[in-house]
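Based on these hints, arrange chains W, X and C on the given structure of chain B.
Chains as they are written, first to last, in my numbering: chain B, 1 to 379; chain W, 1001 to 1379; chain X, 2001 to 2379; chain C, 3001 to 3379.
No wet-lab data here; the hints were simulated from the structure.
Being a predicted model, the structure only gives us computed values, none of them experimental.
Take every hint as true, because none was put in to throw you off.
When the alpha-carbon atoms are kept at most 25 Å apart in a straight line, the in silico DSS-like pairs for lysine-lysine are as follows:
hint : chain 1 : residue 1 : chain 2 : residue 2
1    : B       : 263       : X       : 2287
2    : B       : 284       : B       : 263
3    : W       : 1287      : C       : 3263
4    : C       : 3284      : B       : 153
Number of protein chains: 4
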Amino acid sequence: MELRFGMVGGGNGAFIGDVHRHGAQMDDLAVLTAGCFTRNPQKNLEAGRKWHIHDESRIYPDYRTMAEEEAKREDGIQFVVITTPNVSHYEIAKCFMEHGVHVMCDKPLAFNLEQAQELEKIAKEKDLLFGLTYTYTGYAVIRQAREMIKAGKIGEILHVVAEYPQDWVISSLVQEKSDQAKWRFDPQIIGASLCTGDIGTHLEQLIAQSTGLTIKRVLARFDTYPRDLPLETNTTVLLDFGDNITGTLWASQIAIGYECGIKIRIFGTEGSLEWSHEMPGILKYTKINSPTMTLSANREYMCPESRRLSRLPAGHPEGYYEAFGNIYHSFCEHLLARLEGREPESYTYPTVEDGVHGMKFVKACVKSNAEGNIWVNVD
Amino acid sequence: MELRFGMVGGGNGAFIGDVHRHGAQMDDLAVLTAGCFTRNPQKNLEAGRKWHIHDESRIYPDYRTMAEEEAKREDGIQFVVITTPNVSHYEIAKCFMEHGVHVMCDKPLAFNLEQAQELEKIAKEKDLLFGLTYTYTGYAVIRQAREMIKAGKIGEILHVVAEYPQDWVISSLVQEKSDQAKWRFDPQIIGASLCTGDIGTHLEQLIAQSTGLTIKRVLARFDTYPRDLPLETNTTVLLDFGDNITGTLWASQIAIGYECGIKIRIFGTEGSLEWSHEMPGILKYTKINSPTMTLSANREYMCPESRRLSRLPAGHPEGYYEAFGNIYHSFCEHLLARLEGREPESYTYPTVEDGVHGMKFVKACVKSNAEGNIWVNVD
Amino acid sequence: MELRFGMVGGGNGAFIGDVHRHGAQMDDLAVLTAGCFTRNPQKNLEAGRKWHIHDESRIYPDYRTMAEEEAKREDGIQFVVITTPNVSHYEIAKCFMEHGVHVMCDKPLAFNLEQAQELEKIAKEKDLLFGLTYTYTGYAVIRQAREMIKAGKIGEILHVVAEYPQDWVISSLVQEKSDQAKWRFDPQIIGASLCTGDIGTHLEQLIAQSTGLTIKRVLARFDTYPRDLPLETNTTVLLDFGDNITGTLWASQIAIGYECGIKIRIFGTEGSLEWSHEMPGILKYTKINSPTMTLSANREYMCPESRRLSRLPAGHPEGYYEAFGNIYHSFCEHLLARLEGREPESYTYPTVEDGVHGMKFVKACVKSNAEGNIWVNVD
Amino acid sequence: MELRFGMVGGGNGAFIGDVHRHGAQMDDLAVLTAGCFTRNPQKNLEAGRKWHIHDESRIYPDYRTMAEEEAKREDGIQFVVITTPNVSHYEIAKCFMEHGVHVMCDKPLAFNLEQAQELEKIAKEKDLLFGLTYTYTGYAVIRQAREMIKAGKIGEILHVVAEYPQDWVISSLVQEKSDQAKWRFDPQIIGASLCTGDIGTHLEQLIAQSTGLTIKRVLARFDTYPRDLPLETNTTVLLDFGDNITGTLWASQIAIGYECGIKIRIFGTEGSLEWSHEMPGILKYTKINSPTMTLSANREYMCPESRRLSRLPAGHPEGYYEAFGNIYHSFCEHLLARLEGREPESYTYPTVEDGVHGMKFVKACVKSNAEGNIWVNVD
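Chain B with its partners taken away, still in its complex shape:
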């Protein structure tokens, strides 16, 4: 059985739409069946044709029509992929859920916490699956880290250091280009946070998915450069996970020399784990007083939960597309199992609950920074 999905957004050339479309179909678990890709009717039609929607009546002029019409069909879509700008996630997701359609949404979940919580509430009431594509949690070796921690391989966690330095804001502003980028600085469109919401949340999720820990309190400091931007471009957050477990999170969009340098280090009483996006198929593991070991995705010594997320023999690099594919893979497995009344073999993907926590995290950081870098509870 193959799932049918529709897509809202993705028709305006942003790379992330392409990544969603490929990710969802990568492992032949789902097929694009309907869509509303852009408001421009001609481009919308062309996109639907190009991406092999054979029944052109299912290339819709707006998402509401799509939700209504697909809901009427016996062979209607089973889930929708939302890859529009942040500000519209809420209304689109809500609309499809009201028509009984499961949701896969680009992060962040919504424009603000209230919206996010309402989406969570609806998903629960309607008993619908709601996934979020926090990309980096999809890498096969992140799953390995999670399983090793569960198995006690590093003892009790003591401290977590996560960072995500980028240079795109400073680099693109210097070149005075990037029309695309301008909306990204507008609080009316993106909300009360730039760097924290955009990439800080990736770290928050990566920590959650790899360690199983939840951030309880934050103490955040925001920096802004260029100085006259309305929102922060560099964020440092002290993390408190409770039980004397602490951490630090640094996200930056002005870090010249880094492009997409997300990295996590997890220190425990018996060992440590380290992952860097620079070599995304590698996980470094050190047992106390032992040499550091370099674990490589899909080797036989890796755990089955991780190997299921590898498509290629060890040493053949899988990248960003495939990490996305893994999130969709887990989501589709879960949905298929649900539809077939089975227990899924294994699924781990960020959900609406994670998205709500992410929104709370950002809100707490904004508050902490505004009030002079004080501790603020996330919940």
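Structure of chains W, X and C alone, referenced to chain B:
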């Protein structure tokens, strides 16, 4: 316009079939329309359905029928992807070419040089495109290397050092598993060479595609471990490109610690270039008496020919699938331009001529080794 | 002219005494002439003989006698090296300064801020040189960083990220060994801070020496593991340099997988610099929108101020001993120039003022942590 | 007991003299007592004074006088360090041995094989120690590799890949400077080989010392750039160790991007080892089908034979000077044990026999290249 292609092989679960199928369709330039995926009729049908061949009459029981039937259709396939074992490439490619179908073939081109040369001859006579998927030549930064060399950025080339260490033979033999692997040691199936033909040719092509140089003479030494295997598992080759340009090529399938460690270093009179599969989106460039520079795929400072092969913003890793996609991208561009009477903007993919040269290279290495490690002309 | 120096401490086998002795004599600018190496008379004598103090009357039973006797001689020592535990630095340094002897002292400067400030006062009043061996500031490429920043190569500094993860506390406690280590956890011996004072101050100095910036305010969080230790073993500090320049400093002695992993990253408006102890002769430099460059110590493209601190051709690694040697080199140059009435060509070494600032930094961190992670002024 | 040594050469400012002097005295096992540092009498005297030869009568005008005079003294030098150009090693070493003085000589041993063999013969007849400073064999982790191989940690050795790329010839010629370098290209001064003799022999020794293997046959190809130089600047050698054990050695002085990039990889039936000068305190070890482990000098898991060669805690980099110090350390231990009638605890340093083998290796390579890249026996 979207190209229609068929596929022979790929239905038995080998990962490479999957890589071909994804690669060919990655950029929406071609769509799988027909196929003969395996000899098992039930599995063949299932594969065709799963991969969305909507007209089930185009899921064929054998490749000859496929070639004949597709040739009769107005909307028949425009190219065929051959991803069967080495030994059958020749007859399948020949059959499709005789029916006027362009060919994309897994490497190596054929079982022996004679077959390879006949395929080359047919392709020329019929004026058909014939591509070969030497994967590593598809990485975006390899194209960057090629353009930088053309532009004189490293001066005149003096010396090339290429290596491809793997551990799979020694690792899998130790574990006494790998049914799949057994046929790989059978000279009846794979020909007169194991390591040289399987991965040495990847190096030969990588050198050719990145530098533009052609190997004129070789002096090869083969080693075999386990000692009783019929064919070599470790190959060292001194290379002579003429004009006092030299090089060394080392391919190994017993190199514990390496999985897919292909790497090339090109030394010139004014600078050097270095690429390693470990970080496939990075190209190291050193101008004489200057600091080494780390070039990253898809940055604005990269040349347009390379950037066209990147789908994601810099720092978002593209891997093995995407490298395959790039080879198909170039092939499809070329074919589309041909069909539309245009000049393609740019295409660089390994062709049947390259495949013939690769066969000659292997043959010369086998001879050099057999005769006591003497110089042997490739042509 | 060669300087004469004496040494207090270094006779009990701690590696750091050896490092001082070698460092001071590495470039033939000074020679060990007198000493009081340990309280054990026999071992003291043996040490003095072994280290070529030819006049055995200059192997002293205690540091006071040494200060007095050397001060009486025309050929008395010109500077003293103090390499005893932290708690005795103050009295020894004070004693020698009162006898007109210049001082080179192991870090930290003193047991507490009051002592440190008194030493600073005496040094000023007596117009004596007083250096401190913050090792990492001695690497040749740190000097390169300083000069590049001065020359505007990275524009205005925006943010600094410094870290120093080690595993020695957690590793040695697990093994229940390390008598030597026990005193290191005793607040009566080491003062009010463990990790911050021991290695956090190395970061504070490294930031100061490489960037020229001074930390104005800190917000610190201390963690302790094992939980019942009296002092912190993991420190995270938010840094405020004024003028909207910020930073973060992380020092840890429980970071399994790291031995001496000091690293600094300096982000500016036009570029960035990065140095890691893992490869201490390398400095990474990225100009905005340009490939990262790997600068190597002693290449011709390095600045003269840095090259003066390299003894070997580029690529020949100089390590920890040589970094120490560079600090002594700068100190000796300065002292020689002073004695000869010249202006030294160039000297940069941490001084008593830096040591006082380091003590203030630690005190402010202790206070910030104790009061709930609030901002505390350093001065 | 401390050994007394004299030095011939080292007074003309070449860095290697300094490295010898420091290395010999690093661990307080020997002290410089006599010398003939340069033919210039004034500079000779100054050098002797600067380096603390207290009895100025032992600063000699020529090495013959030094040998004679020191031989007459009861407290004469016990070994001599020879750090003059290659061409004079033979006569100096011979002279001192004839006076019963042990020898430590800079590599290569002599100008040609005949000289080398005579030195070997004299050393045997006189029962004198004769060490050679092949630097890279002195790193602590090279000793670890040797012990691990002896202990069977990588099974039977199958293949060795060693390389030593440098850029100094091409870089300095481009800048048309380097008076110092000119004599290095003169066959009258350096013999029949440039790159092979200068740095190829470092690889030959590194292989011997780390693996315990001896090269039986070579097949060498020399390249020369600039094309009109009299001797080779790039060397590739196929190695045959017998017993089906093979290897490759590549040395280059035109490899832009590399400064001192010596590296060795040793592949066995059960594992592999890898060392690179880039991080000289690290040894990579991979057991078959296991993650690669990163071993770090002086950790408790290292073998005692290696840890004895580390002076600093793990993670504190020791470099080129210290590697030299380790060779002297082993030599001095051996000599002290000899003089005291003890068995030394452990010593491993390259000897005159190794030097002779190195000369044979170069001679065989020269012959192989001259005769068209054929196999030539080393012995």
